[in-house]
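Trainee: Residue numbers (the working numbering), protein chains in the order written: chain E, 359 to 775; chain A, 359 to 775.
Quick caveat, the hints were computed from the structure, so don't treat them as lab data.
Errors might be hidden in some of the hints.
Which copy is meant is left open, so a pair is good if it fits within one copy or across any two.
As the list claims (entries may be wrong) - Subject to a maximum C-alpha distance of 25 Å in a straight line, what follows is the list of computed DSS-like cross-link-like pairs (lysine-lysine):
1. 478 with 566
2. 436 with 599
3. 566 with 651
4. 454 with 478
5. 478 with 599
There are 2 protein chains.
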Amino acid sequence: MPQSSPLSWVNVPVNSDFTWHNLPFGIFSDAKAGPRVGVAIGEDILDLAALRQLGFLMHLPPEVLENAVLNDLIALGKSTTLALRHTLQDWLRADKPTLQPYAPQILVSQKEAQLHLPLKIGDYTDFYSSLEHATNVGAMFRDPKNALLPNWRHLPVGYHGRASSIIVSGTPIHRPLGQTKADEAEMPDFGPSRLLDFELEMAFVVGKSTTLGQRISTAEAEDYIFGLVLFNDWSARDIQKWEYVPLGPFLGKSFASSLSPWVVMLEALEPFRSPGPVQEPAVLPYLRFDGLKNYDIQLEVAIQAQHQSPQVVCQSNFKYMYWNMCQQLAHHSVNGCNFNVGDLCASGTISGPQAHQYGSMLELTWRGTKPIPMPDGTERRFIQDYDTVIMKGFAEKDGLRVGFGEVRGQILPSQPA
Amino acid sequence: MPQSSPLSWVNVPVNSDFTWHNLPFGIFSDAKAGPRVGVAIGEDILDLAALRQLGFLMHLPPEVLENAVLNDLIALGKSTTLALRHTLQDWLRADKPTLQPYAPQILVSQKEAQLHLPLKIGDYTDFYSSLEHATNVGAMFRDPKNALLPNWRHLPVGYHGRASSIIVSGTPIHRPLGQTKADEAEMPDFGPSRLLDFELEMAFVVGKSTTLGQRISTAEAEDYIFGLVLFNDWSARDIQKWEYVPLGPFLGKSFASSLSPWVVMLEALEPFRSPGPVQEPAVLPYLRFDGLKNYDIQLEVAIQAQHQSPQVVCQSNFKYMYWNMCQQLAHHSVNGCNFNVGDLCASGTISGPQAHQYGSMLELTWRGTKPIPMPDGTERRFIQDYDTVIMKGFAEKDGLRVGFGEVRGQILPSQPA
Chain E
359 MPQSSPLSWV NVPVNSDFTW HNLPFGIFSD AKAGPRVGVA IGEDILDLAA LRQLGFLMHL
419 PPEVLENAVL NDLIALGKST TLALRHTLQD WLRADKPTLQ PYAPQILVSQ KEAQLHLPLK
479 IGDYTDFYSS LEHATNVGAM FRDPKNALLP NWRHLPVGYH GRASSIIVSG TPIHRPLGQT
539 KADEAEMPDF GPSRLLDFEL EMAFVVGKST TLGQRISTAE AEDYIFGLVL FNDWSARDIQ
599 KWEYVPLGPF LGKSFASSLS PWVVMLEALE PFRSPGPVQE PAVLPYLRFD GLKNYDIQLE
659 VAIQAQHQSP QVVCQSNFKY MYWNMCQQLA HHSVNGCNFN VGDLCASGTI SGPQAHQYGS
719 MLELTWRGTK PIPMPDGTER RFIQDYDTVI MKGFAEKDGL RVGFGEVRGQ ILPSQPA
Chain A
359 MPQSSPLSWV NVPVNSDFTW HNLPFGIFSD AKAGPRVGVA IGEDILDLAA LRQLGFLMHL
419 PPEVLENAVL NDLIALGKST TLALRHTLQD WLRADKPTLQ PYAPQILVSQ KEAQLHLPLK
479 IGDYTDFYSS LEHATNVGAM FRDPKNALLP NWRHLPVGYH GRASSIIVSG TPIHRPLGQT
539 KADEAEMPDF GPSRLLDFEL EMAFVVGKST TLGQRISTAE AEDYIFGLVL FNDWSARDIQ
599 KWEYVPLGPF LGKSFASSLS PWVVMLEALE PFRSPGPVQE PAVLPYLRFD GLKNYDIQLE
659 VAIQAQHQSP QVVCQSNFKY MYWNMCQQLA HHSVNGCNFN VGDLCASGTI SGPQAHQYGS
719 MLELTWRGTK PIPMPDGTER RFIQDYDTVI MKGFAEKDGL RVGFGEVRGQ ILPSQPA
């Protein structure tokens, strides 16, 4: 499919993330109306609520499209949402301009729209599924010769995170206050975190509910995954370090986590399936899987200091994940834990094997010992006030591109205690 | 207030948990109608939705009372819910039988009603706030001479738990499957948990939302606590042991947590305020508090084997908590983490200083080394299939009793993999 022949009557610039192949779902509002369901295409949003009002998509309940979250639409089931995706692809084809006369009513420029958190997230889980990340952290904080903990290669380690503080891209974040203790200090101290970090992650959105006691096999898992987003699991390393033994990360994470606004359906990523790392030793039967369950998605993180241009600090890829999403879901449900539509499961920091592929400042600067030079001559060990962290991701193959846009967030100074 | 002169025209048996002083809120249904808001009194439920239909409580929106959860009622704010409490107390007084003629329409026998999970729980946090519990666990698994970790006396350690699998009292639970590894084994194994335990806890319900970045001081905290429930934080010790380093408990907990159905308002517990343990060393300023923030609530756990009578195995008290609820909330929000009405914060296992006051089988049997004899001649190290665990709690002083009823749950065998 050569890029020279446009696939859609909607203008899609070269290298747009939001191609005719993609059609991710999100929630937007503008001067015309409040939050509602839209689909990104090129630099526009196709307004599904407006389409419904014009007499299209009449099989969908209007309240599902005139909605401040995607949950009710997703809950209609994959047969419905996939059919919707195919209908929209059909209507947007360059050679089938059924909708083109309605363009002024149904297309909204992304520049003129506000994007909202697209989901009501019931439960949020964060995994720890990158071998390189777990190895780096283990080498820094424990023993470089035994960096991985004994359980790591046997199960996808994960923990429950805070759902209430998940925010949409663009929402600024005040540097968190908290308790920290310097290694040499006798007593803890209180104040703004000094070691504020990002974690480059992707997250999948659960698209089908289960009942308590129900298990999801690796073979069934894809049916339970609606789509994916970019995810910045902001981390206050100094708060986390002091609090996390023995029950895990808590306030070092729960001040905010940032989500990209467009949910890319799993099916849009079909052409980008990729083999994952070989799992050795062999996993237990409930974690075995057939076929390609990783995805080749190029990821990038940039830091933009105030009034400066962004500095790319990391280039990684989702394909590096040791544990894939199907294994994560099979493990998460093996004890009978139930899921609701809109639950979020994040990957954990996605680090690759090379040093420029590390997905956090902790690893990129190796605990601050290798600062990163910035365009303005300063350097970064961790994130400073007024820095904006920008994560981007896209998959590309044979002229086909499916992107996630970006998740960005600026760090503002702490609010006075 | 002598028990001989009844306070209410509704019959309240001696030693009832649901006295005129208490009036806890819950969600019930019966043959007449679906889930709605009720208040427990004696052996009955006062049907608030029916009261509204009869022309009482007209200041409350009907959808708040004809509702499957308490969240919308609680979200009206404490001034409204406290005024409602006082109105109901007034209407239920023995000397003011305004409502008595309507008794057949507004009173439902608890025996004929089904009780439901009373809340839509957005986020659930579990603390670890009993000094005795943390000391016991530390002594068993780490070093008896340095049982407490360095952070424990400086902050209320906590972690995020799974909200979706919180169930109401009476819901049976299948023994979870999961990965475990025996100390001497080289590889992990998969199967039903062999070390299934309860944890005796109480939990508070957040009654007022905050915005991201907002902190709650210890002085403000009570305004954010709607009420309390009993909570059984079921724990699969063998699954937990293998999975929990470094990111904390996950599948060892997320298979189920059980909640008592009646939410006792914090104000109903006013007469039972109690001093807490002395905190030494002194806590950081944001954790300091004035006044009595602990509550003298007697707690009891019984195990009932199938077709046997219950065997009390633990008698503890909520007053033993080292970290109080106001400190928990101040700590939880100090980084700006936001709360929604209906969020749940559990105490962690409530162990007292004496051996019969330990709030888990892990501690009561000291890792299984001191089994508990049962009435049928068997013994228990952990919970066996078909055992029912029953937790009760009440406060009593000067003839005044405010109780929580019970939270019970039966363990059924694992479902086949």
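Trainee: Decide, hint by hint, whether the structure agrees.
Mentor: Going down the list of hints, with the structure as the test:
1. 478 with 566: Both. Shortest intra-copy (14 Å) and inter-copy (19 Å) distances satisfy the 25 Å Cα cut-off.
2. 436 with 599: neither (41 Å within a copy, 37 Å between copies)
3. 566 with 651: Result: close within a single copy only, 19 Å intra versus 43 Å inter.
4. 454 with 478: neither (35 Å within a copy, 46 Å between copies)
5. 478 with 599: neither (30 Å within a copy, 32 Å between copies)
Checked against the numbered hints given earlier, the structure breaks hints 2, 4 and 5 and satisfies all the rest.
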